Amino acid sequence: MDRRQLNVLVGLAAVVVVGLLIWAIAAATGGGDDQADGSTTTGVPENCVEVPAAVSSEKVTLLTDLAESFNATEPEVDGQCVRITIYKTASGLAASELVEGWSQADTGAPAPVLWSPASSAWGAVVNHRLSLAGQAPMASDFERIMITPLVLAMPRPMAEALGWPEAEIGWADVLSLSQDPEGWGAYGHPEWGQFKLGKTNPNFSTSGLSATAAIYYAATGKVAGLTLDDIGSSQTAAFVRGVEAATVHYGDTTMTFLENMLREDLAGRPLSYVSAVAIEEVSIIAYNRGDPGDVGLEDPTPPNVPLVAIYPKEGTLFSDNPAYVLDASWVSEVQRQAALDFRSFVIDSPENQARALDFGFRPGNPAVAVGDPITTANGLNPSQPKTELELPDPAVLAALVDSWESYRKTARVIIVFDVSGSMGDLGGEGYTKLDLAKQAVLASLDEFKPEDEVGLWIFSTELDGDIDYLELLPPTPLTEGRARIEQAVAGLIPMNGTGLYDTTRAAVQAVRDAYDTTKINAVLLLTDGMCDDYEPGCELEPLLGYLSSSERDVVRVFAVAYGADADVATLQAITNASQARLYKATDPLTIERVFQQVVSNF
Amino acid sequence: MSGWRAGLVAAAVGGLILIVGIIVHAVGGDDGGPGTTTTAASGDVTLACVPALEDACADLGATLGVTTRTFRPGTDPSGDVVVIAPAADLPAGSTGTLVARSPVALAVWRERAVVLAPACGGTITMACLEGAYGRQWGDLGGDGAWAAFKVGLADPTRSASAMEAWRLVLDSGGVPDGLDASLRVRAADDAALMLEVAQFGPSRADAVITTEVAIAGQLVNVWDVGRLEVYYPDPGPWVEYVASARGSEAERLVERLLSGEIQGRLPALGLRPASGEATGLPEGLGTPGQPLAPLDSAARDALLAAWQDL
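Keeping their order, the protein sequence lines are chains L and C. For the first sequence, our numbering assigns the number 1 to the initial residue and increments by one for each residue that follows. For the second sequence, our numbering assigns the number 1 to the initial residue and increments by one for each residue that follows.
With the rest of the complex left out, here is chain L (with noise of 0.2 Å):
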């Protein structure tokens, strides 16, 4: 049986079962890296019980810190030495693993005794597919240790142009934004071009989602009880269309986002990337530090322009970062105890919940005031946001997720394929990387919508006398261009070197002569090596420069390494310069999942 073949069981054998998403998400909220997740603190010493935490990645520093602190009391229960160990494990992948058994191959983490992922959703989803397979609840107990809610951030002088802090903005103001020919020019700032929204996909970020919801709910007045006739309705669907018009790209983590932006600011251009992006609030105060993945730079760069929050005036909704002491075979008693006691000393205690507070989440215990840094002098306000939206129902959900596919912008992309003949080497199970990448371009069709524009092109060395690549479609709407697409890949064999800088300057290039405002320009990028390239060579500095100017947005580069000899370095320049990202595929067998997750940018 061939990977496909087996792809194809697990769907089916998943007809119900909602783990191809959870593993999506799982995968996406595990960052681009194919890297395992492990533990984070220190090893526990010979005559104790380990008590493991699997933990979302936003809190771990948090949670590590504390478990060290709760550590080095020397904890018992009934004299047994017990110590708390903190892993870092994406909230989906979590939950997949709980239900459908926990592989610490797949996790780098033992099963774990206590669970903290980014919303108390992810413990509803795994209780009900146990329910679903007949088991018991196994996520019930639970405190919320801290919440953040969803907003828009800005960089402080557009939300200031829109009249912030005073005026009450929401989306309908960035309907409103987005739809004005003028677009910075009407609030007096015409050099800030266009208005532009940094929104993750729906299908993999959990604010993306959240992000999502809102438009819909602001799009009806609505603040609960989201219908299907609303979903479907003429009016929601030109509110949803024009919000989605002004986003510069989706993806997979708002890590992109805020990560492009420091790095644009810190290079003197701090309001051309983005000019709102849809995060939870502690990512602001993490950006504002200059640490934007909150992950305790020693040295960190503040921005020149600080991001402020915009709570929707329509409302918005919460990550509340649950505690779970897990109702599993697993788990002793002592175990049980000791997570027990790990979350009362994370809760209860006024002291740790102030160093929740320290990291820019809103504390979990009300007894522990919403105070610095969530201030109004760091751009947060404490006693926003007015309302919470309501989650809809599962059916209104999924329809909202379907159609938002329909709606959202339309992606203008070149796939761009190494066919080097280093593809040619084995990947793992016995295929051959280019089989391994053939299966992922193949598979990513699906996560493309029918009117997307999607051309091949794949390079090696000199395919075409000096020129080192080969246009196999121009960009083509998927529904006339699927059939040719997967007739070209399914024919590719690897060839001799790799003109990399060539060509990612020749793709970019066709996609800026053809630029189309009213979508996603973009090129993806997929190379297992380092530019060998004799004729014209490979001088990075030229390419960069290149990617990096333009008179019109960049067209931007998505990048995947792939296998253990790619260039990284060369490839993160490439993804920075054009304001994107760069993705991991370390072991070939994880591009199908990666590729998905660089799909999901469109």
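Keep in mind that the hints were calculated from the coordinates and are not lab data. Please read all numbers here as calculations on a predicted model, not as lab measurements.
Residues from chain L that keep clear of chain C, each with C-beta distances beyond 10 Å, as calculated:
1) 47
2) 102
3) 230
4) 267
5) 297
6) 305
7) 473
8) 478
9) 512
10) 530
11) 532
Residues from chain L shown here face chain C by an in silico Cβ test under 8 Å; the list is partial:
12) 144
13) 386
14) 387
A few chain C residues that don't get close to chain L, going by computed Cβ distances all over 12 Å:
15) 155
16) 176
17) 279
Just so you know, even glycine gets a beta-carbon here, dropped at the ideal spot from N, CA and C.
Chain C: place on chain L using the hints.
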């Protein structure tokens, strides 16, 4: 629908069945878990209290030198224990001695109460809330950004105290018009309701109807997001908390709970003593109305049916 979207459906299901999780949480083990507080014990007897009384019991436990833990209706704690709960929530066959009382009250965020009050004779009554059910704040004279009027309740199928609040919500004509649209928070118990209100502020609920002691537990915690004003219906339901003892040590503990020292300590903890007369209540609490007559079983059944039909 693709697998991705199927997952989203499940995520939505998850969000919507969260209440199930909370309920499961509520019926979890009675020998520990969230809210359990252990203090230095002078004997083997334990004081087990319903969630709304957790903070008060922790204080009393420290004073009396006994271990405290959470009692959840539907469970049956073992050992030498005193359970403090409404009589209807005690384990089957148990009886108890009245040790404390708490009226059901309305808690409304001040900025929103001042909008409602002028049209309601200067105060907030149930009729006043009923007039707001299903309506937008913009239409009520408030800030349009507050969106729809929304209330929070604890699940009356889970506790007697929540049943008393639900009793207050239902007028003689049944479920008030618009309540289904405005009922945005359905918590597992009084304490969970007030925790949500304190955590999420007025964005989640403009008003809640619950016991005074549950409100008192969060009054001082919400200043950073706003101030909660407390209003009392007159007449209104009162929740009577009884102490049910198992074992000789437990019997002696009940006697101590009825002592002047302990009864006098209750008001500071947001509880009214068995006599109902209280001085020294936390700032923000006021004078409750006269107690309604106890619910009979027929009325209780009707209330349950109304909740389940909601």
